[in-house]
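S.K.: Starting from the known structure of chain E, arrange chain D on it as the hints suggest.
Here the protein sequences line up with chains E and D, keeping their order.
FYI, the numbering for the first sequence is 1 to 206, going by this note's numbering.
FYI, the numbering for the second sequence is 1001 to 1625, going by this note's numbering.
No lab work stands behind these hints: they were computed from the structure.
Predicted model only: the values in this text are computed from it and were never measured.
Yeah, the Cβ is synthetic: ideal placement off N, Cα and C, and Gly gets one too.
Mixed in with the good hints, there may be bad ones.
Claimed, not checked - Taking CB as the label site, the calculated pair distances span:
hint : chain 1 : residue 1 : chain 2 : residue 2 : range
1    : E       : A110      : D       : Y1139     : 39 to 49 angstroms
2    : D       : I1603     : E       : A149      : 17 to 27 angstroms
3    : E       : G156      : D       : V1238     : 33 to 43 angstroms
4    : E       : I117      : D       : T1231     : 27 to 37 angstroms
5    : E       : V190      : D       : N1057     : 55 to 65 angstroms
6    : D       : V1039     : E       : E122      : 48 to 58 angstroms
7    : E       : L66       : D       : M1188     : 47 to 57 angstroms
8    : D       : G1062     : E       : G156      : 41 to 51 angstroms
9    : D       : Y1139     : E       : V198      : 21 to 31 angstroms
10   : D       : V1039     : E       : L81       : 28 to 38 angstroms
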Amino acid sequence: MADSVDISKGLPPNPEKATLEGQNKFLGFWVFLGGETIMFATFFGTYLGLRGGTADGPTSADVFSLPLVFIMTMILLTSSLTSVLAMFAMKKNNFKALMGWMWVTVLLGAAFLGLEIFEFYEYSVHYGLGYTTSAFASSFYTLVGLHGAHVLFGLGWITTLLVRYRKSGITLTNAPKFYVASLYWHFIDVVWVFIFTVVYLMGVGV
Amino acid sequence: MADTTVKTSEKSVLWDWLTTVDHKKLAVLYLLAGALFFVKAGIMALFMRIQLMFPENTFVTGQTFNELITMHGTIMLFLAATPLIFAFMNFVVPLQIGARDVAFPFVNALGFWIFFFGGLLLSLSWFFGGGPDAGWTNYVPLSSREYGHLGIDFYVLGLQVSGIGTLVSGINFIVTIVNMRAPGMTMMRLPLFCWTTLVTSILIVFAFTPLAAGLALIMLDRVFGGQFFITELGGNVVLWQHIFWIFGHPEVYILVLPAFGIISEVIPAFSRKRLFGYTAMVFATLVIAFLGFMVWVHHMFTVGVGPIANSVFAIATMAIAVPTGIKIFNWLFTMWGGKITFNTAMLCASSFVPTFVLGGVTGVMLAMAPVDHLYHDTYFVVAHFHYIIIGGIILGLFAGLFYWYPKMFGHHLNEKLGMLTFWLMYIGFHMTFFIQHILGLIGMPRRVYTYLEGQGMATMNMVSTIGTFIMGAAVIVLVINHVYSAYKSEKVTVRNPWGARTLEWSTQTPVPEYNFAQTPQVRSLDPVFYEKVHGDGNMKPAEPLDDIHMPNGSIYPFTIALGLFIMGFGIIMFNMDNPIIPPLAVTIIGGVVVFGSMFLHSIKEDHGYNIPVERVKEELDKEVG
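Chain D on its own, in the form it takes in the complex:
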């Protein structure tokens, strides 16, 4: 092994962040990128709500409104929620399983940069004649070469590229959790967040690949004259709906299962109790994931696939309520009789439970195929899935943010501002979306840019819009909180500021680049708590103090992603009216960058570097002093 020790401080800051393969730094990058896209899509939501404030409002045109709905949905799901969840997975999972890094640090960096460049590619559409406008589901024939404009190409290629990033990250997490666990960390001692990460990653592997195939079909149709969706030449438009929802429904669980995992970490930590029904929680997660692949046709009840298919998929959909209900009761029983601390993280986590139930109940209502003909494509559906996404995923993410922030950045977020964020968010959210159930029931269709006076929708739309402004205020307070806390918050130097139970709290704060000076020996579920009760309060080491071997950084993830971006843009250029550079040349240049970087990476032997044991000891001593 190489003896050269390169300290990170010797590199410039920018180069360090561009080349890093450290899962903790990549987590910060994911957090930043996800937050940027979240704010961007949030502003789009504000624009849409302003347009719907009054009947026949003219704030934006119908075309712009269509582009806004499409981009809001697409960005929120692919480029905001997914990376924010990946931020926590990246930071927390290796720490919770007692590993020094993920299984493939290089692939981890690759996943981030590909996702990021894919997001940029999609966002570029605004500068080339407007965003995609066929809804986030991109149904053909709206998105066919006959009706869809250039924005659709950005949607297809942008998602294709960012999907590759998500896919390789998913594979990485699976291997990490299966192969990299510390001694004694058996599968049934894995914290629930690791379990949900594992299951989510499996879903990613099996759901993002059909999406990749489906997007390829649309691309081939639009750019290379394929006939998959052209009915006159034997094509079939319903095919896209099937492929999209085979991906699209598991996608919901890809996002919500990690949120479940976060909640399952936060609630025990602040209830001072172990998670109620751990085994049931694990199996409920697995059952949800399995059933998640069996229900995609419930998005297509009104397409006309026939009564038998509709019935089967309706029943399968309702069955998901059972494992989800198990989870809900387990969270309630975890809190039951506990010594609960209601700080911001716990407020978000505990209020997740009732809001998520509301979203789940409307989900079961939508699963009834006959009445779905009434709900379909109305605001009732919009209200339903925002209860899942905001009331579930976003509240879970907020809980995780406040909970893990001291470990990630070495200081707490301000609690008073945090409470303000929570209450603004909670009130604003219910104000915006509860009333949309009723709007939907009286017949307001989704994805329509205006409505008429005297239809009885004006007041409720106004209330909904005011709620959106309150949510916007919540996010502004959260941003202020980050800046304020960075300057005013006290440094956290203790390992376990919350008195929490899992392994990530057993290492130093801030976490050293090698995570654990000595790989810990795990003796139980909730290992930190176990050592407090049965040991001396510290984790037993599984190995002597020694040199630590770490992987080197690399610029190739960045260049591979850049190459994919150029390639994607080149393919889009085929559909541009007068591209200045020949599209084929751009595509080939991109391909050369991608495969050239892969080739250079594969022929260069990289042994990584060793951190000498003296430095590890020094850092341990510094903490005690």
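Pulled out of the complex, with its shape left as it was, chain E reads as follows:
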């Protein structure tokens, strides 16, 4: 179907949904995110059910440090903003800005991931909250670690796209790919907002 779109007068206003393939990717990815939401919901439920089960180990109020988490949150929210700016650039057919904002997104994501690894290191080494310490510890590391794994996968994904299409310009083939990757990034961001609220704010007893 890609061949039926006339691009002699430049890209259509929504290049990510101009082809049937693009539309399929778009819808398929939304459905996938629906499934991911339920999976995260299950881990959230597990955490909520087990967060009191500290078994003489450290409790959430003992270990969580809100300033660090606040910085992480701000970094990740900003990265979501830069990926939106990249999508605006894509719709205006500004390839350079698209690439630039996407690279900024990757850098911010990497910074977030670095801080998260530092956070886990702090908790496990200085506070004695190992993965096997208690049900609370297991469910905390699993939920937040799964989010971290998603960030890592997103970084690999976006970097692959950026390297592969570094010279191609915006086409009807790669527009849906960038768009879907940015959807994924927003999803990661939304999950983090819930983690911030449910895990950290509720954890320190606000």
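M.R.: Chain D only, in chain E's frame:
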């Protein structure tokens, strides 16, 4: 677009089937794989029934019996019923909506191979100290690291892998049905089988993900020392039951809704009437799917979640009887006054109705929380869900098999042998399971490998076992039928051998790889019948004859699935006593294969190939000649 035309005949047969992304070939693969697992789990059922033939029988030990019940249930649901249903979904849905293929042909192949390797991983458990033995529900603490042996790891990783396959296939079907419909095929003109496929796929997306999460928790507990289910360290064992049944109850509807869809295709075709109450059928399907997520606690009435929760879930459960009843009456009214042909497909479809009602009625009985304390974990439950699964899903699958077989393979299955299969199955099934209601009511517990003399259970168990043998004979006749028909049946060359009403019957038999030479213009529900009455009997084309663009095959689905298999096995090896190769190395190798294949697939631009218009015309002419 690439001009190269690769004909499938240029590839070797094996390579062609390993790399195919054609939904029709994948349907055949699903059918074969599903049939193999079906026979395997059926033989396990025979072993269990032989063990229960006499009081205090010693055919198998208690441990083996536990492994048999677990594997029978797990395989039948995940690796037999699901792929058999997927076989029909794959073959029929693109044809019924007038599409050339599914939305993501690559993902379709990926789904099949991941499911298949997941099934192999689970089956490998027999060679490493015995199958899982905690029941298909795998309750902790039976499956915890303290009590469960290595078989449980195979259960967890095998289902984790095959679940990924099911999940991506589900997403694929949703997008296919929403985005790939032919012009004029509005949502309310979709055949009911497509509707049930759509709804089932939605259920898969929202039910298999909690299962994946739950299985991950058990894996983390068993392999990496998590404490989710260890009560001494703050864990909670009921958590698993909740997660499992949040998946497990919708799973029932994942399997039975497509069977409903098949029945809703077969009954109108052989009653020579349109489906009664189409709109009501669609909405009943949606209501069943919605309520299916609201009732999981009815599996846990005896756990002690409290009277209020029990009441709410009991009422929600009973409410499902309403949309199901709507369906039952619609099937009856479709047959009412029709010119019914009782061939094998129709016999299976029409006898589905009363057997399914029996299963539904016992379901409402089980939904009453107070009396459920009497039924719980007795043979009454076993009888109930086998009425749903065999009387519902298997009869539906048999109906679909006989109905779509000529389109899939170009010849009919033999009718006489088919009738024999049906009657053996029907009699054997009722003989096996009706009596188990009574066994349950007099107190025979399920999942127990023997019983004592003088408890009044010996005769009924014997009758039940004889019924199982009759069902086994039915399946043997069905297998013979396939071989016999392949040699003896006449070729079907007409497009619509049954005089059926939906779009899959408007294309050539056997179906060309591009499905439709020209995408059809749909003008009504039951489009083929509509064109017969209001048109010239042929579908109006929605596009001129032209080159047809098709996707290339790919080996990456196979290698990605293989990588997941290696990864899963590597994780299981962590729990082996003395693995020869370091488990971490195996896991990493698997990961490299998975992500390497994904990476190679994503950087390789693949434009597919064009089938020239001359060849399409040639094949059309061949049919007329």
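S.K.: If you check the beta carbons of D/G1062 and E/G156, does the distance land in 41 to 51 angstroms?
M.R.: holds (49 angstroms)
S.K.: Given the hint of 33 to 43 angstroms, check if E/G156 and D/V1238 actually sit that far apart at their C-beta atoms.
M.R.: holds (37 angstroms)
S.K.: If you check the beta carbons of D/V1039 and E/E122, does the distance land in 48 to 58 angstroms?
M.R.: holds (55 angstroms)
S.K.: Can you tell me whether the CB distance of E/A110 to D/Y1139 sits inside 39 to 49 angstroms?
M.R.: Since E/A110 and D/Y1139 have Cβ atoms about 42 angstroms apart, the given range 39 to 49 angstroms holds.
S.K.: Note whether the CB distance of E/V190 and D/N1057 lies within 55 to 65 angstroms or breaks it.
M.R.: Hint holds: Cβ distance 57 angstroms, inside 55 to 65 angstroms.
S.K.: For the pair E/I117 and D/T1231, does the Cβ-Cβ distance stay inside 27 to 37 angstroms?
M.R.: holds (31 angstroms)
S.K.: Tell me if the beta carbons of D/V1039 and E/L81 are separated by a distance inside 28 to 38 angstroms.
M.R.: violated (57 angstroms)
S.K.: Do E/L66 and D/M1188 keep their Cβ atoms within the hinted range of 47 to 57 angstroms?
M.R.: holds (53 angstroms)
S.K.: Holds or violated: 17 to 27 angstroms for the Cβ distance of D/I1603 and E/A149?
M.R.: Holds, since D/I1603 and E/A149 (Cβ atoms, about 23 angstroms apart) stay within the stated range.
S.K.: Honestly, do D/Y1139 and E/V198 meet the 21 to 31 angstroms range at C-beta?
M.R.: Since the Cβ atoms of D/Y1139 and E/V198 sit about 27 angstroms apart, the hinted range of 21 to 31 angstroms holds.
In summary, the one numbered hint that this structure violates is 10.
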